[in-house]
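Residue strings, one per chain:
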Amino acid sequence: MEDKEILEKFSNPESQNLAFNQLVRKYQQNIYWHIRKMVIDHDDSDDLTQEVFVKVWKNLGNFRQDAQLYTWIYRIATNECLTFLSNKKKRFFLPIHDVAAELAEKIDSSPDISGDEIQLKLQKALLRLPDKQRLVFNMKYYDEMKYEEMSEILGTSVGALKTSYHLAVKKIEEFIKRD
Amino acid sequence: MNKMKEDFKLENLPKHNVYQVPEHYFDRLPMHVMERTAGAENKVPTWQRSLWAPLRIAVAPLVLLLVFVGAFYFTLQQQKQDDYFAMHPMAEHEIMDYLNYNEDLETADLAELSYLSKNEFTADFLNISPTAAEEELEYYHIRHLEE
Numbered sequence: 772m773e774d775k776e777i778l779e780k781f782s783n784p785e786s787q788n789l790a791f792n793q794l795v796r797k798y799q800q801n802i803y804w805h806i807r808k809m810v811i812d813h814d815d816s817d818d819l820t821q822e823v824f825v826k827v828w829k830n831l832g833n834f835r836q837d838a839q840l841y842t843w844i845y846r847i848a849t850n851e852c853l854t855f856l857s858n859k860k861k862r863f864f865l866p867i868h869d870v871a872a873e874l875a876e877k878i879d880s881s882p883d884i885s886g887d888e889i890q891l892k893l894q895k896a897l898l899r900l901p902d903k904q905r906l907v908f909n910m911k912y913y914d915e916m917k918y919e920e921m922s923e924i925l926g927t928s929v930g931a932l933k934t935s936y937h938l939a940v941k942k943i944e945e946f947i948k949r950d
Numbered sequence: 085m086n087k088m089k090e091d092f093k094l095e096n097l098p099k100h101n102v103y104q105v106p107e108h109y110f111d112r113l114p115m116h117v118m119e120r121t122a123g124a125e126n127k128v129p130t131w132q133r134s135l136w137a138p139l140r141i142a143v144a145p146l147v148l149l150l151v152f153v154g155a156f157y158f159t160l161q162q163q164k165q166d167d168y169f170a171m172h173p174m175a176e177h178e179i180m181d182y183l184n185y186n187e188d189l190e191t192a193d194l195a196e197l198s199y200l201s202k203n204e205f206t207a208d209f210l211n212i213s214p215t216a217a218e219e220e221l222e223y224y225h226i227r228h229l230e231e
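Listed in order, the protein sequences are those of chains A and B.
Residue numbering for the first sequence follows this note's numbering, beginning at 772 and increasing consecutively.
Residue numbering for the second sequence follows this note's numbering, beginning at 85 and increasing consecutively.
Next up, chain A with everything else stripped away, as it sits in the complex (with noise of 0.2 Å):
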């Protein structure tokens, strides 16, 4: 079902259930990964994920239709995660480098978590980087979004993504060629 469709028959009380099912059906699947991608635990991604969901229930009807609506989505669960992960370290008064450690605990110990020496690091080597930074490495290198959508969802600008994009990658190979 197209957007447009969705936001035609949720705006219509009888078939608002059946739309927002849809709907939740339609992104589930990305938003769930680009927060896991993000907090790393499951469970914590499977909190998030409902909460974006109810957000987006909540606020549909005010959804103004000159943005798309899946950057809109995005942008929920993007700024879900950030709020996540900063409330985790104002929490724990641990600074960044510490909450990284405790999601790269995560990595070597969830069984939901597996894959060759090299993938395993590589997500370790993202968990050094900043949230925002890699918030913009996870959608453009995982979900390889355009520049331009990302730019609509973080509301920062195309060159300044370019930018912190090809830092991440420099940094991530430093972190990979050191350790």
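Worth double-checking, as some hints may not be accurate.
[Unchecked claim] Think about it this way: if two alpha-carbon atoms lie no more than 30 Å apart in a straight line, the pair counts; the simulated DSS-like pairs of lysine-lysine are:
#1 Lys829/A - Lys860/A
#2 Lys895/A - Lys93/B
#3 Lys933/A - Lys917/A
#4 Lys99/B - Lys877/A
#5 Lys941/A - Lys164/B
[What the hints assert, rightly or not] Computed from the model, here is a short list of chain A residues facing chain B with C-beta under 8 Å:
#6 Val825
#7 Gln839
#8 Gly886
#9 Leu893
Please keep in mind that the hints were generated in silico from the structure rather than gathered at the bench.
Idealized CB from N, CA, C, for every residue including glycine.
The hints should help you fit chain B onto chain A, whose structure is shown.
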């Protein structure tokens, strides 16, 4: 491995998702989301839904404030009462006087009751002596039997 590390270029690394989800996770997720959205909304009582959302937000702290003020006022009153008794210790002789006073009252009451029992209340009301009343009754009783 070391050689691979030295020559490492991200573009040469195949993209691979190292994360997994529990089986059928994406089949169940829409249901969980629907329970928290459309499903949860149906459970909200009608009177709550009809309340304007900002009003609900405004009323909540007000109710909380009233509860606190009420609790504070009650505690204050209780404290005052406690203070009154604490600040007015009664001497033993005062208590004895009080009890005596009440005892007097009870004695008076009893005295009044015994006074009433001694005096014929009905006789006072009829304004005749008890003997005359008895004679009168006897007379009427006899006449009634004769009829």
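Evaluation of the provided hints:
A hinted pair counts as satisfied when its Cα atoms are at most 30 Å apart, and Lys829/A with Lys860/A qualifies at roughly 28 Å. Proximity of Lys895/A to Lys93/B is assessed by CA-CA distance (about 16 Å); at most 30 Å being required, the pair is judged to hold. With a C-alpha separation of about 10 Å, the suggested pairing of Lys933/A with Lys917/A holds against the 30 Å cut-off. The hinted pair formed by Lys99/B and Lys877/A meets the criterion: a straight-line CA distance of about 20 Å does not exceed 30 Å.
The suggested pairing of Lys941/A with Lys164/B is violated, with an alpha-carbon distance near 74 Å, which exceeds 30 Å. Because the beta carbon of Val825/A sits about 5 Å from the nearest beta carbon in chain B, less than 8 Å, this interface hint is met. Among the interface hints, the one on Gln839/A is violated; its C-beta lies about 21 Å from the nearest C-beta in chain B, farther than the 8 Å criterion. With its C-beta approaching chain B no nearer than about 4 Å, Gly886/A sits inside the 8 Å limit, and its interface hint holds.
Taken as an interface hint, Leu893/A checks out: its beta carbon lies about 7 Å from the nearest beta carbon of chain B, inside 8 Å.
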